[in-house]
Amino acid sequence: MSIKIIANDIELHGEKVARILDIRPTLRDELELLLSRVPELEKKFNALEKSLNEARDEITLKEVESSEKYREGFDDGQANR
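Numbering (this note's numbering), first residue to last: 1 to 81.
Note that these hints are calculated values from the structure, not bench results. The structure presented is a predicted model; accordingly, all values stated were derived computationally and were not measured. We put the beta carbon where it would ideally sit given N, CA and C, even for glycine. Each statement offered as a hint is correct.
Once the Cα atoms are required to be at most 20 Å apart in a straight line, the calculated EDC-like pairs of lysine to aspartate or glutamate come out as:
| id | residue 1 | residue 2 |
| --- | --- | --- |
| 1 | LYS69 | GLU58 |
| 2 | LYS50 | GLU40 |
| 3 | LYS16 | GLU32 |
| 4 | LYS62 | GLU72 |
| 5 | LYS4 | GLU30 |
| 6 | LYS44 | GLU54 |
| 7 | LYS4 | ASP22 |
Each pair of labels, with its calculated beta carbon distance range:
| id | residue 1 | residue 2 | range |
| --- | --- | --- | --- |
| 8 | LEU31 | SER51 | 23 to 33 Å |
| 9 | ALA47 | ILE20 | 29 to 39 Å |
| 10 | GLU68 | ALA47 | 27 to 37 Å |
| 11 | VAL64 | LEU12 | 36 to 46 Å |
| 12 | LEU31 | ARG71 | 51 to 61 Å |
| 13 | LYS4 | SER51 | 23 to 33 Å |
| 14 | LYS44 | ARG81 | 48 to 58 Å |
| 15 | LYS16 | LEU41 | 17 to 27 Å |
| 16 | LYS50 | GLN78 | 36 to 46 Å |
| 17 | SER66 | GLU11 | 42 to 52 Å |
Could you build the full structure based on these sequences and the hints that come with them?
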């Protein structure tokens, strides 16, 4: 994602999306600092999303395995009656 302040405009991927009006210099500096952190935060978010997807896949696999084991145990119990 590319978001930056150019003059009094906020641009997203090179396209103007908003205009900054009547902002204190200190508040503008804070806004610029926050916007400069977007790429870093996006990388962290993507890594977290990947970890969550891997965990979800692992949980799904464990659920399938436990269902299969339950079914095998049930079938064995029925066969030994």
